[in-house]
Amino acid sequence: MKAINSIAVGFDGSVESQSALRWAARAAREFDATLTVLHASGILERLGPPFSSSITPEVVGTIIAEEGMDVARSYWVVVEGDACSALLHCAAPPVNAELLVVGSRGHGKRPGMMIGSVSLEIVQHANVPVVVVPGR
Amino acid sequence: MVLIVNEAYDDSEHESPDHPERPGRVRAAMGAVEGLHLGSDLIVAPAYSATRAELLRVHDGGYLDELGAFCYGGGGDIDQDTYATFDSWSIANLAAGAGLSVIRELESRGEGVGFVAARPPGHHALRDRAMGFCLLNNIAVAAAQLVSQGERVVIVDWDVHHGNGTQQIFWDEPAVLYISMHQSPLFPGSGFVGEIGGRLALGSVVNVPLPAGATGDVMRRALDDVAGPVVDAFRPTWVLVSAGFDAHRLDPMADLGLSDGDFADMASCVSHYVAEPGRLAFFLEGGYHLGALQASIAATLSSVLGSPFEGERPTSGGPGAESVATGKVQRLAALESWTRLFEEEASQ
Chain A
217 MKAINSIAVG FDGSVESQSA LRWAARAARE FDATLTVLHA SGILERLGPP FSSSITPEVV
277 GTIIAEEGMD VARSYWVVVE GDACSALLHC AAPPVNAELL VVGSRGHGKR PGMMIGSVSL
337 EIVQHANVPV VVVPGR
Chain B
4 MVLIVNEAYD DSEHESPDHP ERPGRVRAAM GAVEGLHLGS DLIVAPAYSA TRAELLRVHD
64 GGYLDELGAF CYGGGGDIDQ DTYATFDSWS IANLAAGAGL SVIRELESRG EGVGFVAARP
124 PGHHALRDRA MGFCLLNNIA VAAAQLVSQG ERVVIVDWDV HHGNGTQQIF WDEPAVLYIS
184 MHQSPLFPGS GFVGEIGGRL ALGSVVNVPL PAGATGDVMR RALDDVAGPV VDAFRPTWVL
244 VSAGFDAHRL DPMADLGLSD GDFADMASCV SHYVAEPGRL AFFLEGGYHL GALQASIAAT
304 LSSVLGSPFE GERPTSGGPG AESVATGKVQ RLAALESWTR LFEEEASQ
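In the order they appear, the protein sequences are chains A and B.
Quick note, the first sequence lines up with residues 217 to 352 if you use the numbering used here.
Quick note, the second sequence lines up with residues 4 to 351 if you use the numbering used here.
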């Protein structure tokens with residue numbers, strides 16, 4: 217199997233995205249790959265509370281370190297944009313991710329909810345392998 | 004000149020606590036209309052709920068089914084920005100229908116200017132996904148109706164965010180020319196100059212990304228120098244405007260530096276895109292500072308109706324003129340290169 221050099225994971229702070237981040241960090245460690253942690257901030261975050269995110273690079277770095285990955289091999293990227301498009305773009309330069317990792321559902325989503333599903337959209341449109349990680 | 008607006012409908016149940024896309028936006032818009040004191044020159048087009056057939060021109064049936072079921076299941080957050088309630092499905096259908104109703108009234112009268120003061124807004128709604136506060140793409144539904152009648156439609160989108168939904172829906176539609184001027188980088192992260200339309204409609208998309216701080220003079224340059232020649236060549240029979248007002252300098256959603264006088268100027272410019280009367284309509288998209296929203300709508304409508312307007316002066320001096328000029332060159336280069344590629348593929 218071809219080596220994987222670059223992995224990208226979507227992270228919105230939800231329980232599911234934390235599970236996805238942990239899985240991605242372990243995979244990056246095993247493959248000795250770089251890890252791009254992407255947070256798409258959408259429209260509302262710039263308004264501040266109650267819409268702003270409590271996600272910080274430090275929180276992400278702690279999770280990555282707990283999974284035994286070298287934090288220096290990870291990149292924290294925030295984009296003002298749509299989560300699906302932003303993660304799909306990670307498969308192109310400059311990130312060139314060869315594997316995309318995403319939680320099964322994001323903030324506030326009900327189980328089985330299809331509408332607005334980032335994971336479903338990513339699976340439908342990605343041109344690289346995708347791993348969808350359940351929350352628990 | 005007469006102004007044709009959609010009949011008001013109850014949108015109060017499409018609301019989420021603290022969310023800036025709220026019913027007060029339409030009240031502000033209608034406050035602007037009332038402030039024009041048009042008397043008998045104000046025509047109200049009857050409320051109308053878009054039919055499934057009309058929506059299917061621009062949305063996938065599966066998506067419509069899911070959205071309806073989601074709403075009638077009680078609604079909730081669709082994504083980090085976008086919400087729906089139990090009543091959102093019927094309210095969104097009325098918003099899509101409002102555009103159709105105003106267009107029909109314009110057609111029957113053969114004169115006037117349309118203004119669709121409806122929410123939720125639409126230009127981010129993709130063929131198969133809600134996003135960016137948008138559930139159904141109202142302006143796309145109206146444009147698709149016109150295209151089905153053989154019309155050629157230019158959509159000018161001056162909302163501060165790129166209208167990715169409208170661009171996606173008409174990507175391969177040669178009868179629609181989509182022009183967007185927007186802040187970049189900014190949500191939704193699309194709208195680059197190299198996005199120029201699909202294989203079946205190459206050149207039918209014009210994107211003018213602008214840096215934070217850009218002022219009205221840059222917007223006018225984009226309309227005159229970049230969009231103008233493309234519109235002339237396209238020869239539209241209708242002009243629809245995705246009129247977001249969040250490029251106003253007071254708006255909390257972005258960082259452009261426009262005044263309400265700039266919107267008056269831009270409205271005047273686009274009103275010359277089509278020669279015949281009764282073929283221009285503005286659709287409310289964004290705009291979240293209610294005072295700026297009301298003043299900017301008043302400026303826009305005053306400008307196209309020829310009414311007196313006492314508002315802010317147009318702005319100038321911000322960054323972006325160079326990027327407009329560079330973008331024009333890059334767009335032409337992209338157009339040439341894609342045309343050559345498709346011709347080579349066709350000859351093989």
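Please note that a few of the clues may not be correct.
[Stated by the list, open to error] One-sided and incomplete, this derived list gives chain B residues near chain A with beta-carbon spacing under 7 angstroms: (1) 19; (2) 21; (3) 191; (4) 278; (5) 280.
[To be verified] Covered by chain A, per the in silico footprint, the following chain B stretches (three or more residues, Cβ under 8 angstroms): (6) 75 to 83; (7) 127 to 138.
[As the list claims (entries may be wrong)] Facing chain A, a subset of chain B residues (Cβ under 7 angstroms, in silico): (8) 189; (9) 190; (10) 192.
It is worth saying that the hints were derived from the structure and are not from the lab.
In this text, all values refer to a predicted model and were calculated from it rather than measured experimentally.
Using N, Cα and C, we set each Cβ at its ideal position, and we do this for glycine too.
Results of checking the hints against the structure:
For residue 19 of chain B, the shortest C-beta to C-beta distance to chain A is roughly 11 angstroms, which exceeds 7 angstroms, and the interface hint is violated. At about 6 angstroms, the closest approach between the beta carbon of residue 21 of chain B and any beta carbon in chain A falls short of 7 angstroms, and the interface hint on this residue holds. A hinted interface residue such as residue 191 of chain B counts as satisfied when its beta carbon comes closer than 7 angstroms to some beta carbon of chain A; here the least separation is about 4 angstroms, so the hint holds. For residue 278 of chain B, the shortest C-beta to C-beta distance to chain A is roughly 37 angstroms, which exceeds 7 angstroms, and the interface hint is violated.
Annotation: interface hint on residue 280 of chain B violated; nearest CB of chain A at approximately 36 angstroms, more than 7 angstroms. Figure legend: the segment 75 to 83 of chain B, annotated as covered by chain A; annotation consistent (5 residues with Cβ-Cβ distances under 8 angstroms, at least 3 required). Interface restraint, the segment 127 to 138 of chain B with chain A: holds (5 residues with C-beta to C-beta distance below 8 angstroms; minimum three). The beta carbon of residue 189 of chain B is positioned within 7 angstroms of a beta carbon in chain A (closest approach about 5 angstroms), and the interface hint is therefore held.
The interface hint given for residue 190 of chain B holds, since its Cβ lies 5 angstroms from the closest Cβ of chain A, which is under the 7 angstroms cut-off. This hint holds: residue 192 of chain B has a C-beta 3 angstroms from the nearest C-beta of chain A, less than the 7 angstroms allowed.
Consistency note: the structure conflicts with the earlier hints numbered 1, 4 and 5.
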